[in-house]
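Which chain is which? The protein sequence lines are H and C, in order.
The first sequence begins at 189 in the working numbering and counts up one residue at a time.
The second sequence begins at 88 in the working numbering and counts up one residue at a time.
Wrong hints could be hidden among the right ones.
Derived Cβ-Cβ restraints for the label pairs, each shown as a range [what the hints assert, rightly or not]:
#1 H:P286 x C:L459: 22 to 32 Å
#2 H:E380 x C:A369: 53 to 63 Å
#3 H:G320 x C:I365: 50 to 60 Å
Straight-line Cα separation of at most 20 Å, DMTMM-like style, residue types lysine to aspartate or glutamate; simulated pairs [to be verified]:
#4 C:K276 x C:E213
#5 C:K179 x C:D325
#6 C:K482 x H:D326
#7 C:K179 x C:E326
#8 H:K207 x C:E479
#9 H:K203 x C:E479
#10 H:K393 x H:E365
#11 C:K276 x C:E297
#12 C:K482 x H:D361
#13 C:K482 x H:E365
#14 C:K179 x C:D323
#15 H:K406 x H:D213
#16 C:K276 x C:D298
#17 C:K276 x C:E260
#18 H:K220 x H:E200
Derived from the structure by calculation, the hints contain no laboratory data.
Because the structure is a prediction, the values reported are computed rather than measured.
Note that the Cβ used here is the ideal one computed from N, Cα and C, for glycine as well.
Below, each chain spelled out in residue letters.
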Amino acid sequence: MPLVEIHGLTKEYHKGDQKIVPLRDASLAIDKGDFVSLMGASGSGKSTLLNLIAGIDRPTSGTIHVAGTDIASLTRTQLAHWRARNVGYIFQLYNLIPVLTAYENIELPLLLLPLARAERQKRVEIALAAVGLTDRADHYPRQLSGGQEQRVGIARAIVGDPAVVVADEPTGDLDAETSEQILHLLQRLNAELGTTLLMVTHDPKSASIARRQLRLDKGVLLEPEPPKVALAARGA
Amino acid sequence: MYEAFGFRLLPWDYGVRNLLRRPARSAMTLFGLTLVVVLVLVVVGFIRGLEVSLSVSGDPQVVLIHTLGAAENMENSSIPSSQAALLSASLKSVQRQQGPSGSKVVCASPELFLGTQVNIDHESEESLGLVRGITPATPLVRRNVQILQGNWPGPGEVLVGRLAATKLGTRPEELAVGKTVTFEGRTWKISGHFASTGSALEAELWCPLEDLQLAMKRQDLSLVAILLASGADLADVDEFCKERLDLELQATAESTYYASLQRHYGPVRLLAWLIVVIIAGAGIFTGMNVMYGAVTGRVRELATLQTIGFVRRAIALSLLQEGMLLAMSASLLAAAFAVIAIQGTAVRFTMGAFTLRVDSTTVLIGVGVGLLVGVLGSIPPAIRAMRLPVVEGLKAI
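Excised from the complex, chain C in its bound form:
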């Protein structure tokens, strides 16, 4: 029972009861370690949220056609409206669906996309929002869009993404159906809310393309998003763009576009991982401090155990067990707190908004860091305990 490592271990109860020996100290350490793991979970949840938001944003079947050289920033793209019809007619690789009257509907979505100042219900402060002019064909291409509440926007109306309130820095109630927002010199009535499987689109405001063009006094589009027909690929569209040099168009797979954004946010993620390492480091030193205290206060006791016949490794393992028990309890508490209180918290960033993602991967990383803190925080004190000569230890007060 006690001989799992080739030598007799100390009773499991010994390690557990030692934690209760100084309840206030153990409770404070538990609180500190829980805080460390919560912070780790928040940062990892941030990284995961950002990654997942950008990775689900790119539909592999969707190609974005935009102005040459605007692949990095679609807002700078400008193509004449007339080219949308030309593209629909010319591109054979675009998906076509059966329309209501038997005609074929081309799955191409001409869109005008911009970042602009948005005023919510005449509030004094404006916020930078992301607005997309769309057409009834948009849902054919943006296949993951779901209307959660209300209706598709009619003239003078706007459909609000699930995370638009976060992006605009306001409360979701301020963007309730029936309320109004003002942008580009026009007031828009909110017709409904939509979701898009956590993609970046959820931070946007969608309004009819023609209305937006009228409001902005623009005739052009930012891009035409097309859904590729089965078996077709980007090369077909790319070839067309390269043949028609006069149009000055470029085709970018939507997944590539968002992947490039992922790269753009690489330094942010790197910084976030660095924060995880720093927080974990602080946790390790906290744990180490506590376990050093535990060893220092029990020198004679540990020497007594050696005198009785317990080998040093058994004593070191018992100390490790104490550290691990604390770290494990802290990790579980932190994970429970994160799932209940942090999961789904919306975060605003330049490209839009996303939610902190406390999924199984995040919990696994958080708990893993917690356990690592427990192990690394306990090893040096355990080694110290192992090195202590028995006779010296017995003399300790």
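The shape of chain H in the complex, shown without the other chains:
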């Protein structure tokens, strides 16, 4: 059974008298351990789809099952609890809490889980080591570079071992070299930890590191024929 399964997903909203449909009748299945990139032009609906899967937005119609839960039927509070257990979110602008240190930022999602302090500490240290920032644990976001901030953001997203990690343009605010490092880090997390990743990007090069590439065009989900390289990587 796929980890993420969406069917007939449509999102509409109104801006004045105008009806806007950023996502139209989208259906998709993502398996556990998959690394999917979602490409598309600005306004194509890729972030909308990402936010719907992450449970921070609600569809107008259609169903979304993530890790066996029909998240469209959950109340706002239930959805918050569900997100805490099942979703890791990597933001384009890192979105670290400025008054918390790197360690505390990473620990934040763990405060929502029933874990003892020692267990939290162990997990944060593992996450810091995974992103290569053990020596920056006590630094505040303002004391870190953009790349380091994004690594803290990635550590925060994976520390709770969520069912799915979503990344919204994770390299959008970084220079080329740092972007490459971040993409390799995501690739490594997927390969070594089996983290299920869904990444939104508008950059074909970034998208190419994913095992599976999807494209959105004016709210319509398209899945191009997978290139042979990607198929080989998936073991197909």
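Please build the complex by placing chain C on the supplied structure of chain H, with the hints as guidance.
Quick look at chain C alone, frame taken from chain H:
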């Protein structure tokens, strides 16, 4: 640890550190809120001082006998001096004490009371003072009077109340023992100072009754204050006054007299409470403005916290915590300042003088208003933060 409300709270440190995020802004808000609470404490201290002064002024065992219809203003009362002896002899309900030679001393204090212009050590400006002509029997009735310094006044001398300087609008040093004051065309030497548990009497100048009558060329009294014998009550004295219609006297319990003054000052107290409400309102808007600023500047951050999985109530509580921490700190600072700098400050008013009272009740009201300012100032911004859609919030710059 974090799940005290049925959901996981944000770390306590988060709220505390957010206050230090913009130190200048937080410091200014703290100063503003402290000022608000100090003002509230001053006004409540004023109300409490006035209330306590008037409530302790009335001894439940003391009855004032005065001219019919002068219950509202004792200065207008005039009874012949001879009636003091008549009352002492006729009233069975008056307390009698063993005298030094074995005789019984009646606890009745004939007094002449007036408001008059007082000149301090020949200063050019005169002030309106309250003067009471008293006798050696007065302390038997005015049981709470304590001589703080000096002696009971002899001929040509005056005993000065603890708050008389405030009433006269002068410095206490000007009324030091040995100095002189002039009133009713005569100069009086200050023999000592007295206190009376914060009652209205403390604003008065006491001099021998006969000397005052001589100075004023008056033979009459304003009132006779009597101390009721144990078991007796006002009705006994009242009955006597009603039986002896020819004397045209009326008996009023001293506590009733001061209670009527409390009612007289009702509008003043109402106005003071209104000021408290207005000041608190200003404080609420100050707090609200700051917390709105805090929310507006952190829209993306608050949306991020929701994305991670913190429920809206947890975020709202964290904002409330920030407002409460500021308000609590301001309240404590204000309370400390009030206790050190405001407590005991003397205030002059028409009836005399009293001191601002920063007691536990005042502090409780002041701190309560401070916390209310914190809560009410934080709730609307917290609600706004709760209503913000996560996706919208994440797009905020």
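Going through the hints against the structure:
1. Checking the proposed 22 to 32 Å range against P286 of chain H and L459 of chain C shows it holds: the Cβ atoms sit about 30 Å from each other.
2. Checked against the hint of 53 to 63 Å, the pair E380 of chain H and A369 of chain C passes, with Cβ atoms roughly 60 Å apart.
3. In this structure, G320 of chain H and I365 of chain C meet the distance hint of 50 to 60 Å, their C-beta atoms being roughly 59 Å apart.
4. At roughly 17 Å between alpha-carbon atoms, K276 of chain C and E213 of chain C fall within 20 Å of each other, so this suggested pair holds.
5. Among the hinted pairs, K179 of chain C with D325 of chain C is consistent with the structure: their alpha-carbon atoms are about 12 Å apart, no more than 20 Å.
6. Taken as a hint, the K482 of chain C and D326 of chain H pair is broken in the structure, with Cα atoms around 28 Å apart against an allowance of 20 Å.
7. At most 20 Å may separate the alpha-carbon atoms for a hinted pair to count; K179 of chain C and E326 of chain C meet this at roughly 12 Å.
8. As the CA atoms of K207 of chain H and E479 of chain C are separated by approximately 17 Å, the hinted pair is consistent with the 20 Å bound.
9. For the given pair, K203 of chain H sits about 13 Å from E479 of chain C by alpha-carbon distance, which is consistent with the 20 Å threshold.
10. Taking the CA atoms of K393 of chain H and E365 of chain H, the gap is about 13 Å. The hint holds against a cut of 20 Å.
11. A hinted pair counts as satisfied when its Cα atoms are at most 20 Å apart, and K276 of chain C with E297 of chain C qualifies at roughly 16 Å.
12. Only pairs whose Cα atoms come within 20 Å are accepted, and K482 of chain C paired with D361 of chain H is accepted, the gap being roughly 14 Å.
13. Simply put, K482 of chain C and E365 of chain H have alpha-carbon atoms about 26 Å apart, too far for the 20 Å limit, and the pair is violated.
14. About 8 Å separates the Cα atoms of K179 of chain C and D323 of chain C, which keeps this hinted pair within 20 Å; it holds.
15. Taken as a hint, the K406 of chain H and D213 of chain H pair is honoured in the structure, with Cα atoms around 12 Å apart against an allowance of 20 Å.
16. Taking the CA atoms of K276 of chain C and D298 of chain C, the gap is near 12 Å; set against the 20 Å cutoff, the hint holds.
17. With a C-alpha separation of about 14 Å, the suggested pair K276 of chain C and E260 of chain C falls inside the 20 Å cut-off, and the hint holds.
18. Restraint check for K220 of chain H and E200 of chain H: not satisfied, since their Cα atoms lie roughly 29 Å apart, outside the 20 Å limit.
In this structure, the hints that do not hold are numbers 6, 13 and 18, in rising order.
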